[in-house]
Each structure stands twice: as structure tokens, then as C-alpha cells.
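Protein chains in written order, with the numbering used here: chain W, 21 to 471; chain A, 710 to 948; chain D, 7 to 376.
Please keep in mind that the hints were generated in silico from the structure rather than gathered at the bench. Computed from a predicted structure; not experimentally measured. Hints may contain errors.
Stated by the list, open to error - Here are the simulated lysine-lysine pairs, DSS-like style, with alpha carbons at most 27 Å apart: (1) W:Lys320 x D:Lys276; (2) D:Lys67 x D:Lys128; (3) W:Lys289 x A:Lys942; (4) D:Lys170 x D:Lys135; (5) A:Lys811 x W:Lys415; (6) D:Lys135 x W:Lys318; (7) W:Lys289 x W:Lys415; (8) W:Lys130 x W:Lys146; (9) W:Lys168 x W:Lys130; (10) D:Lys128 x A:Lys942; (11) W:Lys415 x W:Lys138.
What the hints assert, rightly or not - One-sided and incomplete, this derived list gives chain W residues near chain D with beta-carbon spacing under 8 Å: (12) Val195; (13) Ala209; (14) Glu275; (15) Trp294.
Idealized CB from N, CA, C, for every residue including glycine.
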Amino acid sequence: MLLALELTALASLLVMAVYTLRHLLFALNRLFCPHRMNYTDLAGFHLPSISILLPMHNEEAVAQDVLEALLESDYPHDPGRFEIIPINDHSTDRTGEILDEYAERCPDVKPLHRQGGKRGKAAALKAATSIARGEILILFDADYVPGKSLLKFLAAPFADPEVGAVMGRVVPHNVGSSLLTRLLDLERAGGYQISQQARYDLGLIAQYGGTTGGVRRTALQAAGGWNALSLAEDTDLTLRLAIHGWKIAYVNRAECYEEVPATWEVRRKQIERWAIGHTDCLHRHLGPLLRSPHLSGKAKLDGVLLLCVYLTAPLIVAGSMACMALFVAGRSFLPALTAFFLASTCYNAVGNFASFFEIGSSVILDGAHRRVRLLPLNIGNFVFSTATVSMALAKYYSGRILGRSLPWNKTLRYRNGNGNGNGNSGPGPNGHGNGRGLNIIRAKSVVPKST
Amino acid sequence: MPFRIDSLLQGLAIIVLVDVLLLWQMPGILRWHSRAVEILLRLAKVPWELGREMALLPGISAVMLRTVYLDYRAHPLYPAYFAGAALACFCIGYRRWPAPLKPMFFLLLAGLGITLLYLRMVSPTVPYTPEDFCAIWCRGEACLWLLLPPIFAMSFFILNVPLSLKIGWLFLLLLYSFLWSAVRLALALATFHYFGSIWMPFFYFAFGFLTDFLYIVAFYSLAMDGAATFLAKRRELWQ
Amino acid sequence: MLGYFALLILFLLFFSFSFYFGMREWLRPQDAAPVPVDVEYVRAENYFGVSFRRNMREWLKTARALPPEEPRDGSVRAVLERPNGERILCLAGGCFGGRGEREELIYSERDLCLAEGAVFHKEIYSLGKVETGAGAQLQAVAADGEISLGVDNAVSRWVDARHKILLRRGTVVRSRVSSMESIELERQVSAQSLFAPLIFTADYRPVPSSPASGKPEERPPAELSVQAGEVSPAYLNGIPCSRLAEETWLVRGNLELPAGTCVDTNLVVKGTLCSGPHCCFSADVKAGGIELGPSNRIVGNLVSGSVLEIGQDSLVGESIIAEGDILLRAGVRVGGGGRQAVVSAGRDVRMEANVAVCGKIAAGGMVITI
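My request is simple: use the sequences and hints to build the entire structure.
This is the structure in C-alpha cells:
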């Protein structure tokens, strides 16, 4: 019994130490080492044909904002080069009507209505891909607000024939809504500005996040297409592309606003979906990842760490309980073990599974300052995430044993509405929707002029 | 570029210097730490006496303080009262408390629960005497004091800000660390004296390294805020 | 117990310090705005010039005229002062400068000629042409006409013109050179980046009949070409390779293509790609390092993970990107035929004589003519 507890505590310590080292390396690489291939110079010069896919389920609160923003994009709107495919996926609100109104006035908008078949984002994307004509599929979630030049930045890296997918940077726009949004803003900054950039620069597997990104259609086909059964189709695709030899380019300059959960309950559902989807990918792809002839040793190692990241949560819980039990049992070497376990956990805790100075460094690089003072409060986010992920994985594994599948939980939207997906909309600049949310975001996005 | 390789090298040099200084002065620091704990125990009316000298780090030893726990053999229901009260608070407040606080209260319950089980099923007292606890605490804190320069240097010294700013913050952090360690140890010993040793694992885990990292990050965040303001004024070019 | 509670209060004070500043920032936010993302941003390659012209027009409206207190240079029509104390010299045109350094912004209503060795620490804007003598040192210059920088000029920032730009031997521009017409570079010129519909180096001879579209002028023998759909092209025999996608081949090691090879699919080479003369590539190419022989034709994009050298008289239809240095040998053409392309290097771009690029050249180091 004591031996089992000791092994648990040691295993937790080793795993946390490896993750600590990983994040330390990411942060130092991002800060000191030169960056890899910068495709942003090609923005506006490499203009492949694109199809923009917008999965939507009850998105009447935000649908017109994203459509307005895309129609105002400076990407050439030639008929053979640009199309928008919003996917009305089993919506029960006015989403379908809004899309049809846009389709009537704008030939670039070609809605796809799905009332039958499997639900969920992956299934919707699969259906839309079969009718899309573009060489490159650009994906946005419905609550995103792409800038005018964003499509050019996302399309540019596909000049490299080895690039199978591109990921941009997401920036929360509803930062001031609650403490949670402010903490998530810090988390996103650390995750994109430091971690994603470093993984790309080090030749590891940068993650394609399923939104504010693009996929090469032939790469998608070669990798087996969208996995409609996956709750984390983005992670699933990331791994399949990497295993098949494609590269994923991260473009820090391709920034887009997103809406992050403003309440802990919504956040809980989001993390639950990510944890389950991600861990499901672990089971599907770990073997092929290790056997892939296209990946280097370090890429495989980092791929394993990437896939196992959500397993650290129950491991931390188990390690903590084990250390506590061993402490009470009076094991004499334990205090040092405990101390190092706690230290390496804490190093990651305040960054919410990333090192705290990833977040601090990202704040400096973004030119902000006061928000870094919120960092100690992130311990709450970490504790919440650890508990939620642990429970989610318990649900997942019990489901696997009992043969249950888990439902897709859509993240609630708050823009223009009350969080229930009900929005009040009037005519907007292109004649549809009042675009109130879009105007609010534009007002927030005014870049201060330098003197 | 706000991050320079020469700042990293500067930080590495300071790690070595400060750690050497700390190691050299560690016996003195531990003595002052002990004196501070004694004063605080006197404030809390907890009787203490000097215990045995124990080795904390190679070549470094210190005299531990000896206090007395509340004897659960005289108060057998106290552990159950505390665990029960924590459980009641958890159940009653569960719906009302903010989501991030709930897991932390679970930690409290877990700590009390595991210790209660131990006290009921294995031994009526925890396996650590007050001197042992002091030794565990002081050893952990001494290691942390030696770790503070590397942690701060790797995270803050890499910025291109004046050395005086960096050294200033490191000094404040170390000073705060010494004082805060003394306060926590004194409260821990006082708590064990008045309420018994069921609180020991919770104190060690919740108010040990976890709390250490909270203030390390708090200082780091303040230092980064100041540095960002300084860099913005100098109009460094960001990459 | 009272003492215990006093100690507890002290404990709570110390404990709350860790959260105090965070709580204050949460409850009384001073930095709760989203990270600024300019959703209205539209990339303009001549951004510096456009932005400066806009600012200058504003400043000319808001600056106040200073009384004529001191002896002025004959070409100075007026002196204006901005609210922040910065001065603007308004010139009628003609020759200006000479010994000494100028700290003012310069605005010229007509063609401007700057003397040899003149030093200007602020930006210059001319509604006509700008011509500088040898050894001039400038901060930045914008002209609605042409710009001709003399020998061994140094520009700390950017150069922008609506018409042609000529950079003479030895000139260094530390930032962007942009023109709406063309940029001519003599030998030993360096700049950080350039943009123009046509950028060319010394001894440029336009090729009248074949635009730089990369379309091959001659087709090699059929047995050496790779058609989409074949399992294993002849020249890949014995080389570890696989198919990434329907139109993309992946070669795991180095690849040397003999003269006259024509590749019809996307090609990814993990090692170094070398080609002999008269090879053609009809799609995109990526390799760990690239060395193309003379008279190659590349229709698609060229991407190199390290250095990239393009042989004499080669044509590249689309963009060239390399993480290391790029060397464009004499006679290379990039872009053209109505298409603009990019040459982008992580380090230096070096160009020999008679090189032309339609579009943009950017370098992490410098763009240098040799």
C-alpha cells in the first residue's frame, strides 16, 4: 500500500517535472531564439481559392457579425476564389433565416442547412467540405470577428507545399465581462504568444485549433477527412496531419477576436468537452504518432506530452492525495519529494497548466502591464480546471467501459443576448442584422496611435 | 526587444552569487527565523523551549523549537469535530461558493479526512513531533530560499530593465519570504497547540509550498508590471 | 486565545498580500481592454510613406508660422512650429542643405535637390522630385515625384515615392523602400525591404518575348517528366519517397535532378534539392536547401528551410521564401506577367546584376546588390 502511494507520488513528480521543463524551454525559446519561416510577407501575394466554413448551431445572436466581417474582408471576392459556407446545423432559432437572407443578397454566401444526420461541429464540417470548391478551407467559429486582412494572413503559409494547416491567434474580446474572462485572456496570451509560437519555431507540433485557421483540402483528404465522431476534431486533425507528414504553421500575426466563457458553468462544459475529446485523440493516435516516419524524435516526444496533457489533472489529484497519505504515514524522505512535487505543480499551476512566466512574458510582448497582476488569482482557474478535467475523465473512462457516447455541448454565446442564444437583431451595414456586436468589437479594437 | 541574452547571463551570475551568500549566511538566517517564531509564539501565548539541533542541509543545522500539541487522548472527539465542521461547511456552502473555491475546500476536507483516519486507525498522534515538524518546515523553506534566486532570475532577470530594479525586487522577495515563513510556522505550531495535530497535513500542504508560490508569483507580477511600465516609457521595439 | 487570534490576523494579512493587487486589478480594473487587434487593418506595402504624408498634411494645418527672426536659407519660404515644438521648414524647392545638420522636418512644394554630405535628422517630404548628392544622411524621405539617392547615402528609416526610385552605389536604407512605379538598384546597395511593381538591379535588360511567368519555353523529353498519377517517377528511383497527397511528392533525403527534368507536381524534399540546367517545376517546391541550376523555370512557389540559390537566367513565377540566405544570380526574373511575387529571406537576399523582381523583397538581414 505504501509502496503504491510512493510510486504514485513519484510518477506525479516526474510527470510534473517534465511538463515544467517543457514550458520553461518553450518560454526561453520564444524569448531568445530566432523565429522560423515568416510567411506574413506573403500576405496579399499568395491568394489561393478559399472556402470559409462557419459551423452554426443556434447562432442568431452572432451570425450576422461574422458574415458582415467576412464580406468586408479585402480578400479578392472573385467567384472562383472566394466563397462563404455557413452551416446551419440543426438550429431551432432564426439562424437559418438569417443565412438565407444573406444568400439572397450576396452570391459569395452559400448556406448549407442540415436538419438530419449526426450533429456536432465535425459532422457539419464534413458535410460542408463535400460541397466546398476552394483549395483551402478556412474555418471560423460563429462568434469570431475576423479583421479585414485576416484571410490574407491565413492563406499566405499555404505557399509552402508542406503546410497542411494554419493556425492564427485568438484574442478574447469580452475580457472585462468577469474575472474568468480576464483569467482566460491571460491563459490565451500565454498559450498563443509563447507556447504555440515556440512549438512552431522548435519544429514540434503546433496545434491547429479548429478556428481562425485553415486546412489544405488535399491534406485533409490525405489525412482521412474530418472525424465526425470526435469531440475535439481540431486536435484529431492536428495529429492526423502531423502523422501523415504535413506541417502546421502558426501565424502569430493572424489575430482574431473570440468570445471566451464568462461564467464558470460554461467554462466547465467547455473544458469537459476539450478534456474528453483530447483524451479520446490520445487513444486513437498515440500508436500512429510513435510509428510515424515523418516526425522527428523531439516532435514525437512533444506530441505525446501534448496528447497526455489532460491526464496530468487526475495525476495531480492522485499525487496530492498520495503525498498527503504518505506524510501522515511518516515516510522520512517524503518532505523533499512532496516539496518538489508541489514546486513543479505550482510552477504550472498559476499558468493553468503552463508556467507562470509564459503568461508574464506574453503580457510584456503584447505591450500590456497591469493585467499581469491578476496572475496569482489564476490559481483558482487551475484548481477549477484540475477538478473539472478529473471529473470529465472519470466520466469518459466510465463511458468507455459502459459503451456510452458523450454528447456535444455547445458553448453559450453572450454577445447581443442573454446567454441563451436569443439575440435582438435589426438591419446592419449590409442590410442584415444591426451588427451591434460587430460595432462594439470594432470600437474596442481601435489601436492606440503612437506619437 | 525586451528580452536580451545578456540579461539572462546576468541573471545566471546573480543566481550563483546570491545562493552562495545565502548558503554562507544560512545558520544566521535560521537563527533569526527561529527568533521571529519565538516572538510570535509568545504573542500567541504558546509555551516553547529550545529543542535539539537538527541537520537541515548538508553542513547546516539549527536548533528546533519544541512546543506541545493538544493531546487527543484527553480530547478524543476534537478531530471528529473539526472534520465534521469542515464537512458541514462544505455541504452547506457548496452551492453558494464560487466555483474555483470548491476544490480548495475539498482539499481541506481531504487533509482532515486522511489524518482523521490515521488517528483513528493507526495511532492517536501523528508521526511527527513539534521538532520534527519544525525541521521539515525549515528544511523546505531553506531549499526554497535557495530556489528563489533561480526562479526569479529565470523569469524576471531576463528583461532588459536596470539591474537595480531586479536586485531590489529579489531583495524584497527574500525578506518577505523569511518573515512570512516565520509567521506561518508560528501559526502552525500555535494551531497544533490549541487544536491538535489533525491540522498538520493541511498546514503543510496548503500553507507550505503552495502558499510560497502564491507570493512568488505575486511579487513576480508586481515586478513585471513595473518593468512593463519602464519598458513602455523607453519605447522599446517589440518583436 | 486572544494572542492566537492576533497571530491569525497577522497570518491573514500576509496571506492576503498575495491576492491584494490581483483583487484590486479585478475590482478596479486599469487594464481590462482586449489586446488591440486592428480589425480594420488593411496591409499597405507603402504604409510608411502614406502614413507620413497624411500626418504631414495634418501638421501643416495645425502648426503655427514662426516670425522671420534669423537669417534664413534662400529656399526656405516659411518656418512652422508644431505644438510639441517640432519645426517644419517649408521650401519652395531647388537646392537645399550643405554643411551642418538639420533637425527640422522638411516640406518642399517642388523638386528638391539636397547637397552633398547634407545631414537631416527628420523626415523629408517633397511634392516633386528629390535628388540627393553623395554622402547625404537622411532619416526618411517621401516624394510625390521620383527619388534619386546619390552615392553612399544613408537613410535611417524608409524611402517612398509615387514614381521611380534610383539608389546609387553604396546607399544603405535601414527600412522599407517603396515605389508605385519602379526601383532601380546599382551595385553595393542595401535595404531592409523593397516594394514596387518592378525592382531591378544594374544592367537590367527586359526580356521582351517571355514574361517572368515561369512557363517553360521548352519541354524536356517525356520520359523525364513526372505526370500526376504515376506511382514512382523515374528520377525518384532508389530514393526514399512517398506521396503526401494526390499532387504532392515527398522525398526524404537529398535530390539531384539532371538537366532538363520537368516536375509537374508539388515537391517536398527533406534534404537539399539541386537541379541542373533547364529544369522546370510546374507547381510548388519545398526543400531543406535549394540550389537551382541556370535557366530553370519555376511556375509555383519556392520554399527553402535554409539557403536558396537560383541559377542564372531562371524564371520564377511566384514567391521565394527561405529561412536562410537567398542568392539570385544574374538574369533571374521573379514574378511578372501581371503577377506580383515576394522574395523573403530569414537572413540576407543577395542579387547579382540584371535581376528583376515584380513585387516585394524582404529580408531578416538586408537586401544587397552585388
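Run through the hints listed earlier and report the numbers of any the structure violates, in increasing order.
Of the numbered hints, 3, 6 and 15 do not hold.
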